[in-house]
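Chemist: Sequence:
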Amino acid sequence: MNRRHFIIGSASTLALSAGGLAALFSRPAHTGTLLAAFEDVRGDQYVGGYQIESRHVFGARVPMRAHGCAVDPRDATRVIYIARRPGTQAFEFDRATNEARVVCETPRGRHFVGHAVFSANGDWLYTTEHDYENVRGVLAVRDARTLAIAEEIDTHGIDPHEIAWSPDRSRLIVANGGIMTHPRSYREKLNIPTMDPSLSVIDAATGKCIEQWRLPDHRLSIRHLAVASNGQAVIGLQYEGNPDQAPTLAAVYEPGVGLHPLELPAAARVQSRGYVSSIALSEEGDAIAAACPYGKGIACWSFRQRSFQDFIAAGETYGVSRLADGTVAASQRDGTTYTLNDTHSRSRFVTVDRESPIRWDDHWTSVAS
Numbered sequence: 077m078n079r080r081h082f083i084i085g086s087a088s089t090l091a092l093s094a095g096g097l098a099a100l101f102s103r104p105a106h107t108g109t110l111l112a113a114f115e116d117v118r119g120d121q122y123v124g125g126y127q128i129e130s131r132h133v134f135g136a137r138v139p140m141r142a143h144g145c146a147v148d149p150r151d152a153t154r155v156i157y158i159a160r161r162p163g164t165q166a167f168e169f170d171r172a173t174n175e176a177r178v179v180c181e182t183p184r185g186r187h188f189v190g191h192a193v194f195s196a197n198g199d200w201l202y203t204t205e206h207d208y209e210n211v212r213g214v215l216a217v218r219d220a221r222t223l224a225i226a227e228e229i230d231t232h233g234i235d236p237h238e239i240a241w242s243p244d245r246s247r248l249i250v251a252n253g254g255i256m257t258h259p260r261s262y263r264e265k266l267n268i269p270t271m272d273p274s275l276s277v278i279d280a281a282t283g284k285c286i287e288q289w290r291l292p293d294h295r296l297s298i299r300h301l302a303v304a305s306n307g308q309a310v311i312g313l314q315y316e317g318n319p320d321q322a323p324t325l326a327a328v329y330e331p332g333v334g335l336h337p338l339e340l341p342a343a344a345r346v347q348s349r350g351y352v353s354s355i356a357l358s359e360e361g362d363a364i365a366a367a368c369p370y371g372k373g374i375a376c377w378s379f380r381q382r383s384f385q386d387f388i389a390a391g392e393t394y395g396v397s398r399l400a401d402g403t404v405a406a407s408q409r410d411g412t413t414y415t416l417n418d419t420h421s422r423s424r425f426v427t428v429d430r431e432s433p434i435r436w437d438d439h440w441t442s443v444a445s
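Heads up, the sequence shown stops at 445 in my numbering, and the numbers go up one at a time, no gaps.
Since the hints were made in silico from the structure, they are not lab data.
Virtual Cβ for every residue (Gly too), placed ideally from N, Cα, C.
There may be inaccurate statements among the hints.
Simulated crosslink set (DMTMM-like; lysine to aspartate or glutamate; CA at most 25 Å straight-line) [claimed, not checked]:
hint, residue 1, residue 2
1, Lys265, Glu209
2, Lys265, Glu181
3, Lys372, Asp320
4, Lys284, Glu330
Label-pair restraints from in silico Cβ distances [as the list claims (entries may be wrong)]:
hint, residue 1, residue 2, range
5, Ser195, Val117, 35 to 41 Å
6, Asp320, Ala400, 48 to 54 Å
7, Gly391, Gln321, 20 to 26 Å
8, Ala281, Gly119, 39 to 45 Å
9, Glu359, Asn197, 22 to 28 Å
10, Ala281, Val117, 44 to 50 Å
11, Ile286, Pro433, 44 to 50 Å
12, Ala400, Gly119, 29 to 35 Å
All chains should be modelled from the sequences, with the hints used to inform the complete structure.
Modeler: Below, the structure is given as structure tokens:
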């Protein structure tokens, strides 16, 4: 099979100005690695990622689709990938050998939801899990080496999804999506009229819920998180109503104060189609970027002003992640990769080397090397 070079888009794709192009291509090359799950043209599932400087895609096959991942703070070559719902397996990937193995499964009556974080010292792995038999969200505290469950914390909601640390690593922020599902009906949503999404803030030392916040419209499912250095967090939402009537698709959490929905102009509401698959924050670029794959692009806000900036047209963009220099990198489902350099929607295209086409999953995790 011949090696293919996937050139991402064209200058006309994002309507770049000549001045914008000059500014973008005078920037230094980006570095680091983006970790992600992906699938190939046969539908086989992989965990691995993309090395930015070499433009190399790497990975190992796994038996079911993974979603997000967590990097071991004591060994950066060890990455734990978590199955998307209703998957029940987690995978340990060794970046040094490019090998993966199933490292644990959920207890009976539960499934993973695609996200996890390590404790700062690397002793524990926290995984969000859906206990569908008892209709509750669980934060499983697992031994980082064996992934055996040592403790369980109630997320004070159902359908927990992404989880993130506060900057001082004392609190865990949990996005409770509020949607009831059951493996018997796969991913069918069973409680839309009564869904109850919330943002829970958990004291990591005691397991107690010390804050919990809800948005005015209960159909805004709280799903994705990116945390700022000041302790605030930006939140990606999915609207379980008419997408053209979604009141917003993102909010800002302010500790001790609550959730502040971000404005979404009427035109952007139509463009975004009511669905955010991932969200990233660049404090350096004053940018909140929310991937809207059904709306074929990225919605952007100013973090400092909390004002809407623009909607970038880029088909099936699912993953966004902040690189070390503050640039936001984005992935399209067809294997395309590109970067956003500011809130004025200018983009730099990236080349991916791969023997055959791939489809990225919804989340990227950026690491330095």
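Chemist: If a hint holds in the structure, say so; if it does not, say that too.
Modeler: Now the hints, each set against the structure:
1. Taking the CA atoms of Lys265 and Glu209, the gap is near 15 Å; set against the 25 Å cutoff, the hint holds.
2. Proximity of Lys265 to Glu181 is assessed by CA-CA distance (about 23 Å); at most 25 Å being required, the pair is judged to hold.
3. For the hint linking Lys372 to Asp320, the alpha-carbon distance of about 14 Å falls within 25 Å, and the restraint holds.
4. The hinted pair formed by Lys284 and Glu330 meets the criterion: a straight-line CA distance of about 19 Å does not exceed 25 Å.
5. With their beta carbons about 38 Å apart, Ser195 and Val117 fall inside the hinted range of 35 to 41 Å.
6. For Asp320 and Ala400, the Cβ-Cβ distance of about 38 Å falls outside the hinted range of 48 to 54 Å, so the restraint is violated.
7. At roughly 23 Å, the beta carbons of Gly391 and Gln321 sit within the given window of 20 to 26 Å.
8. For Ala281 and Gly119, the Cβ-Cβ distance of about 43 Å falls inside the hinted range of 39 to 45 Å, so the restraint holds.
9. Between Glu359 and Asn197 the beta carbons are some 26 Å apart, a value that agrees with the proposed interval 22 to 28 Å.
10. Between Ala281 and Val117 the C-beta distance comes to about 47 Å, which sits within the given range of 44 to 50 Å.
11. Evaluation of the 44 to 50 Å hint for Ile286 and Pro433 yields a pass: the beta carbon distance comes to about 46 Å.
12. With their beta carbons about 33 Å apart, Ala400 and Gly119 fall inside the hinted range of 29 to 35 Å.
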